[in-house]
Amino acid sequence: MVAQKITIEPVTRIEGHAKITIRMKDDGNVDHAYLHINEFRGFEKFCEGRMVFEMPMITPRICGICPVSHHLAAAKAGDDLLSCPPPRPASLLRELMHMGQIIQSHGMHFFELAGPDLLLGFDADPAIRNVVGLIQTAPDIAVKAVQLRKFGQDIIFRLGGRRVHPVFAIPGGVNKALDTANRDAILAGIDDALATTQLGIQIIRDWAEKNMEDIQKFGVFPTGYLGLVTPNNSLELYDGDIRLVDKDGKQLEKFDGRNYLDYIAEHVESWSYLKFPYYKKMGYPQGVYRVGPLGRLNAVDQIDTPLANEEFKRYRAINNGAPIENTLYFHYARLIETLFAVEKVKVLLEDEDIMSTDILNTRQTNKGEGVGIIEAPRGTLFHHYKADANGKLTKVNLIVATGNNNWAMCEAVDSVAKTYINGNEIREGLLNRVEAAVRAHDPCLSCSTHAVGQMPMVVEIVDQQGNLMQSLSRNVNE
Amino acid sequence: MITLTIDGKQVEAKEGMTVLEAAKASGIHIPTLCHHPSLTPYGGCRLCLVEIEGARTLQPSCTMPAGNGMVIKTNTETVRTTRKFVLDMIFSERNHFCPYCEVSGGDCELQKSAYEQGMTHWSFQPNWIPFEVDASHPYIIMDQNRCILCRRCVRACAELVGNSTLGFEERGAKSQLIADLAVPLGESSCISCGTCVQVCPTGSLIDRWSAYRGLEKDVESHPTICVGCSIGCNIDVQTRNNSIVRIYGDWDGGVNGGVICKVGRFYPMTDQRERITSPMMRVDGQLKKVSWEEALEAIAKKLQPLAGKDGDGMAAVASTRLSTESLHLFKNIFKDGLKSSMVTTTEQGVNTSIFSKVAEQLGKPFEAKLDDVEKADLFIVVGADIVNEHEVIGFFVKRARLENSALYLVDQSTNSLENLADGVLRAESYGEIAKGIKAAMVKLGLAEDPSIQPDALLAEAVKATEISDEVFMKAAYAFASAQQPAIIMGSSVSEMQCIKEWVSLSEMIKGSMVTLKGGANSLAAAQYNLDTALKVNGHQAAFIALGDEDPTEKFNALFEKVSFLAVQATYVSRLSARADVVLPVQNWAEQNGHYLNSDGRLQESIAAITGPAYAWSNQQVLESLAKKLGVEAKSDWNAELHNRQAMVTIQ
Amino acid sequence: MTKPKISSDWMAGCSGCHMSLLDIDERIIKVAELADIRATPITDLKEPDEDGVAVGILEGGVNNTANEEQAHRMRSRCKILVALGDCAVFGGVPAMRNYFTLEESLRRAYIETESTDSEGKIPDDPELCVPTRVRALHEVVPVDLFVPGCPPDPDVIFYVLSELAQGRMPEIKEDMLHWH
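Protein chains in written order, with the numbering used here: chain A, 1 to 478; chain B, 1 to 651; chain C, 1 to 180.
The shape of chain A in the complex, shown without the other chains:
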């Protein structure tokens, strides 16, 4: 008897709600695997009627891991809509908060969400394959991981008064300047943060060496790659133009993100609440592209901080300069970005403008429409608002980071399922691998569907008549 459909519910150690169904062929191989993103909240509708300047406080509630991305993208959209570009010190401060977020989010993902797979193994006992298990088996690393996250969160707290959903950026700038006490406190933590990040890099490189076979067959496929860049195409996470390169790394487009609608469209599938962004000129699905660490590091030519750049060169050499396609290399790319962010914190704090109190431009002219773009930890984030003459929102459009990776995640799930699953034998560890395909993207599914969810993990194997043949659940007591 061969299973008709395998269901994995929920995908754990990700942010958000996902469910995977694997449709089987008669010969026991995988026909197709689907990643269903299973929730929807509706920010694009219910923000209508609120004020433009409230969006930096409302939209962070899309996501509690990367609220700062929304906070800043909303402020930037407000800057654009109200024609009030922030003074340089305010931009530096916003970027500093953003680096704090990159560090805490990437750090948490590598060590606490993905880490258990890498450090304890895909096939380890699910009961301990988590951050608590890490605390018990590798306490040193666990403590360092907690401290790295704390370093990032602390930056956010010092600037915005809270770690999650800070109150800091408003259209035209920010509401609080940096004082020397806070600056010095942050600087004092940089060395440890660098060390922990380097430790993570060592872990992933060692792991890669030992698991090269998996890396080569685990979700490896071509796509385009997209991210913000500096004028000379270096990695840029706060502000810049958007660069899209093709599967060979050749530039297809470089544009001001405010014109994103000329280049990007979203496709809807009936089986997922998450839409599928793609490059319009190439159509769907030929025009799909990846974002986030893997996508960004394929779209840039260098990184302008030294330690990260050194690691970047080593990383890009893996495929002889051509883009890296392997899903599992997301983890390596993620740490390189973390290194960049920690170095960038130091660069920003040593810029004397960041201590200035010239932090708000109150000269506003309502243009009626504005776009704010930023690189969230998981990818390019677009906030697009239309408002009436009084500054009340009439239309809101969001393309949220992880959403850009939707097609790739689905492809990775399908690819990994086909590589590792045969209908006659299903082990828990292989289910975990399919989930790991999603996990590598560090998806923020709350964000991407402007919604969140979570479901229990049960695997049911049914025969052609739909009779239950086998039921596997992850640690659900029988």
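Hints in this document: simulated from the structure, not taken from any laboratory.
Please note that the accuracy of each hint is not assured.
As the list claims (entries may be wrong) - Below, a list of computed lysine-lysine pairs in the DSS-like style, where the Cα atoms sit at most 30 angstroms apart: (1) A/K392 x B/K112; (2) B/K14 x B/K309; (3) A/K392 x B/K174; (4) B/K174 x A/K395; (5) B/K301 x B/K554; (6) C/K30 x C/K173; (7) B/K24 x B/K112; (8) A/K392 x A/K367; (9) C/K173 x A/K281; (10) A/K5 x C/K121; (11) C/K173 x A/K392; (12) A/K210 x A/K254; (13) C/K121 x A/K280; (14) B/K24 x B/K309; (15) B/K262 x A/K392; (16) B/K627 x B/K301; (17) B/K84 x C/K173; (18) C/K30 x A/K144; (19) B/K112 x C/K121; (20) A/K25 x C/K121; (21) B/K217 x C/K121; (22) B/K500 x B/K364; (23) B/K510 x B/K535; (24) B/K302 x B/K262; (25) B/K339 x B/K84; (26) A/K418 x C/K121; (27) C/K121 x A/K386; (28) A/K395 x C/K121; (29) B/K14 x B/K369; (30) B/K302 x B/K628; (31) B/K443 x B/K535; (32) A/K25 x A/K217; (33) C/K173 x B/K24; (34) C/K79 x B/K84; (35) A/K144 x C/K3; (36) A/K386 x A/K217.
Said to hold, decoys possible - For each label pair, taking beta carbons as the anchor points, the in silico distance ranges come out as: (37) C/K79 x A/G368: 25 to 31 angstroms; (38) A/P85 x C/K173: 44 to 50 angstroms; (39) C/K79 x B/K174: 42 to 48 angstroms; (40) A/G283 x B/A613: 39 to 45 angstroms.
Note that beta-carbon positions come from the ideal geometry of N, C-alpha and C, so glycine has one too.
Using the hints, position chains B and C against chain A.
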């Protein structure tokens, strides 16, 4: 005094106090929401309910008069449960989203009340029927979703400001705050004073320019004086990181008691004028940046040879927004030192000089204090617009209407308050009107004045003004029957004799008379004799200590033919663009100084923020200039305020 | 003595409350010592133990059929149910969706948005859950403890966890009850 028992404690209270006031006076805390010390008690929110022995139900302590022998319990199980229930009901009525609200985290009295009662959640969910946000107003956002129907704003708009724009429509669960007859706030009769924003306990009424910039716990408070006009309201300028976040009226302010107008509250928040960022000098037709030394040197070199010259010498003009110290030093330099014959202010004495002369002729002050005006039961507004300028006096007049005060307007043309007036006396000659009323009063036996021939005088007045004798007599009755009449006179009254008639009428009706004056230090300028009309005729040089004032085109035009123009100013203007030397100075919020308000009160304006490094204070500029010119700066600015008979008693 | 079991899950929230939980930093080690941390969104157990846990924690409101199942399941498997954060306590920011009809919200997201291509449609695959009106957790199941905040303060969360882990019912009041 009466005695009552609150929570087992014997408490003394004054007759007429409410239970809430009696409790507060003896240190017992009863939570409230709709209550506000500056507004009449309303009893709408029910949070202040207490147990009163003998009463069938719990009673609102904010409206319940304290009675001798009352036994009150404020903290029983019943009372505590009821408070939570009241708050539950309030939260269930509208849509309260604390997470992103501008006042959440310390400035929301509703949130604080809930925490005080130990509430971790609401028992009843709202029905989530949305209310539209009214964002039509340039300063004030009205979000009905957060309204708790406490009506503080309605009371403030009526009782503190007398505008009565805000009201309520519908009843019960459909009750809703509205502006006028339910029009968007931005299209209503709202005068943008912002008092409603200051009293709103939640984030329902907020000021869009302060949103998210800092809660009260984040900002620094700077009690100071508004320099928008001669009233000199007491304000609190709240700052964060050296930037003004919001401006509040000071509830304890002796001048204004907490109310301020849009000029003081909102204009500074939206001031986008470009600043002058360096001393500059005209070189080859272009203004170039120079050092302070060079600029001051150039001015001194130009002015010194003109000392003592008359019509072909120098003219010097200062803004009445400058402090007394600076106006005094300005006078030292140009009048006493350089002996210019054309030294005055941008106001040119139009608001004060004739009144100063009247006082000098009378040999005594004839004006009363603003406090007297505030308590009046009859307002006679003569030749003044108190809707578009000196608005806070307008608030006193309009709000007194709720106490059934009367309003008479005496004006040559249409006055904005006509729809509120009990009578309007319109004629060219204000003096004749005064005479007519005096005559009518004596004729009717309402006053005695042997120097007046009532019939003849009345007939003359009727002929001169074309106002009938019935109208005069009606006015006379109204004026005579008032317990505390007040006369408010504006600067359009410009004839000495006419003013004296009104002073005499004021004495006849035992009234309080005030004149409006003009800018913040208008009276100080008058006291320093800086109140002449500006005539620029052949003057070779002019020095304008403009400060942060905005010069009018008419003013700028006066200096077209002056060959050397030096301007000391904060903001770029057509005048500064034309100048030969420009000196950048701080604005009102960045420097200290004294101000003599319109009823003679001497107050200090204290800097709330540090100005940019490139700007000096007005005082510093004048001191340096004095030094360069070799003029001795005399420091007795306070004493000199008393050198001249003023129209009001000066502090 | 066996450690009490704690399980958590998230529904229509943003995961910020769980992030605030992680913001207890090194104190998580203390919590792991006091309690047996079972299924949570960041551990690999997929459901709260069928034979029950001492403490169930739910973040997020209930805005679809899947959430309803989660809420009922957690309620039936735990002794003390904690509503963590404003979304669970009253619906939170996502409750603003109740201002509109579900149809309006879905149409906006999947058909009308400026970037959605001409083939937009509302997803309706049977594998997907169905959106419903947004509700607070206590509108669906009885709740034993409410921890308000968006998100609640990490110190408050640590206090709540350590009290519950030691068999005591935490009282969130005075210093603990504040907007942080």
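>> Need the list of violated hint numbers for this structure, in ascending order.
In response: 2, 9, 11, 12, 14, 19, 21, 23, 24, 25, 31, 36, 37 and 40
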